[in-house]
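So the chains spell out like this:
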Amino acid sequence: MAVYTTNEIRGGMKVMIDNDPCVILDNEFVKPGKGQAFNRIKYRNLKSGRVVERTWKSGDSIPSADVVDVEAQYLYNDGAHWHFMTKETFEQYVMDEQHLAESKQWLKEQSDCVLTLFNSSPLAVTAPNFVVLKIVETDPGVRGDTSGGGGKPAKLESGAVVRVPLFVQEGELIKVDTRIGEYVSRVKE
Amino acid sequence: MLTVENMNKTENWRSVALHDNLRVRAMILAKIRQFFAERDVMEVETPLMCHATVTDPHVVGIPVLFNRLGCANETILYLQTSPEYAMKRLLAMQIGPIYQISKAFRQGEVGRIHNPEFTMLEWYRPGFDHSHLMDEVDVFLQTILHTPAADRISYADLFQQYFSINPHVADVEVLSACAKEKMIPIESNLPDRDAWLNLLWTHYIEPRVGHERPLFLYDFPVSQAALAKIRDEEFPVASRFEVYYKGMELANGFHELQDSAEQLRRFEKDLAQRKQRGQPVIEIDKRFIAALEHGLPDCAGIAMGIDRLVMLALDCKSIAEVITFTFENA
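As they're listed, the protein sequences go chains L and S. Using my numbering, read the first sequence as starting at 939 and increasing by one per residue. Using my numbering, read the second sequence as starting at 1306 and increasing by one per residue.
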């Protein structure tokens, strides 16, 4: 297995820490003018989602994790399991609903997404940054309101609920930023 | 295809430092020169490329290859890590008080507040001890950075205050227990007592001190004496001090060791440590030892990072904001 020394480690690298795959968020070099050098490394455990900070002596090494992101399409779910297919190889993967976390509220059948595979099994799924979805339920708009104002909740066809401006109506398509869960604009069909 | 136009678009040729930051840097350099001119301290220049380099296992010189025209043999020289040895050779010739503003180079040191090539201010005061030099450094910081008067605390008092231990005698078990108690999440096995002291210092004390006013930390453990004299107090201590301000180490000073035999013993101990760690073998700077043998006047000296000084003046978070081109785009 490949290893990285603490000085090579950069944000975004995938490594194994305590037998779990982790993604590096930050690596700060800490060194007294005369004295031992350290690397203070911040990472997210990809299994638990927890963000942790730990210190290594500079020059120590950390094994890399066999984690890859692949483009995929969400096919369907059978209640307990969600089925995906990779775009390039047409391989199918199955994930338990509990492992989908926040992402599942943005996915409808045939949606594009990114599957994170660890040792060839799916670890996480990420929705695209922007998705276009139909509003299936929201209160009727107030006449004459064209600005954002206070807004109102709207339920989308994928199950997510986002705040939309008062003028947006049931049945319309809207663009949403999935990273912050916010309405961006209306979209014409 | 590589064309002039797409190189301009793709190559990161610009400096990240703002014009204003570079102007403040130039002003600070001018003020430093004025500070020393007013005190009759002479500016000197010593070589950046030297035949010998430091023995300190934690400070590594960058080798360069020199090839005399027409000669087949290459000579290894080192970019200096600090102009200390050369300046002390001048002091041994009774040159008097001197200062230098020069580039210094450290192998492998890249980070938010580290660039492998950086600018160092180093000055020496014959007739001063470290306490007298601390007075001058305090005035220097008040003049250049307009800081409030500095606090002073000994290494022992600070460790007593934060960990209730005596850093001059505490063993590895005691020090690692302190790290555990303060929940410092260290993954590695640290090689010795000093590495544990460095960990406790950098991860716990350093972020908590010197925010309101600069802090002078003095009387270091003898194992970290480097080129400082050792005094016998309740415990033997090194006449060394460091300056911290707003979470950054800014300077390191010594009441300079004059004893050539003792200096040679410390260098040999460094080399033994280097060997144990599998670091490359280097030679001791014999010219420096010879100058000490001839006689270094009683003096105190200090090295200060100019880039960090400018960062403090401008309240910058990264060293890249105050230097024209960093290691990545030099």
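Calculated directly from the structure, the hints in this document are not laboratory data. Some hints could be false.
So the derived list for chain S, only partly shown, Cβ under 8 Å to chain L, looks like this [claimed, not checked]: (1) H1363; (2) V1365; (3) Q1412; (4) E1414; (5) Q1529; (6) A1530.
Restricting the straight-line Cα-Cα distance to at most 35 Å, the calculated cross-link-like pairs of lysine-lysine (DSBU-like) are [claimed, not checked]: (7) L/K995 to S/K1336; (8) S/K1487 to S/K1591; (9) S/K1622 to L/K952; (10) L/K1090 to L/K1126.
From a predicted model like this one, the values you see are computed outputs, not experimental measurements. Idealized CB from N, CA, C, for every residue including glycine.
For each hint, the structure was consulted:
no.: 1; hint: H1363; result: holds (5 Å)
no.: 2; hint: V1365; result: violated (10 Å)
no.: 3; hint: Q1412; result: violated (11 Å)
no.: 4; hint: E1414; result: holds (6 Å)
no.: 5; hint: Q1529; result: holds (7 Å)
no.: 6; hint: A1530; result: violated (10 Å)
no.: 7; hint: L/K995 to S/K1336; result: violated (39 Å)
no.: 8; hint: S/K1487 to S/K1591; result: violated (44 Å)
no.: 9; hint: S/K1622 to L/K952; result: holds (27 Å)
no.: 10; hint: L/K1090 to L/K1126; result: holds (20 Å)
When the structure is compared with the earlier hints, violations turn up for hints 2, 3, 6, 7 and 8 and for no others.
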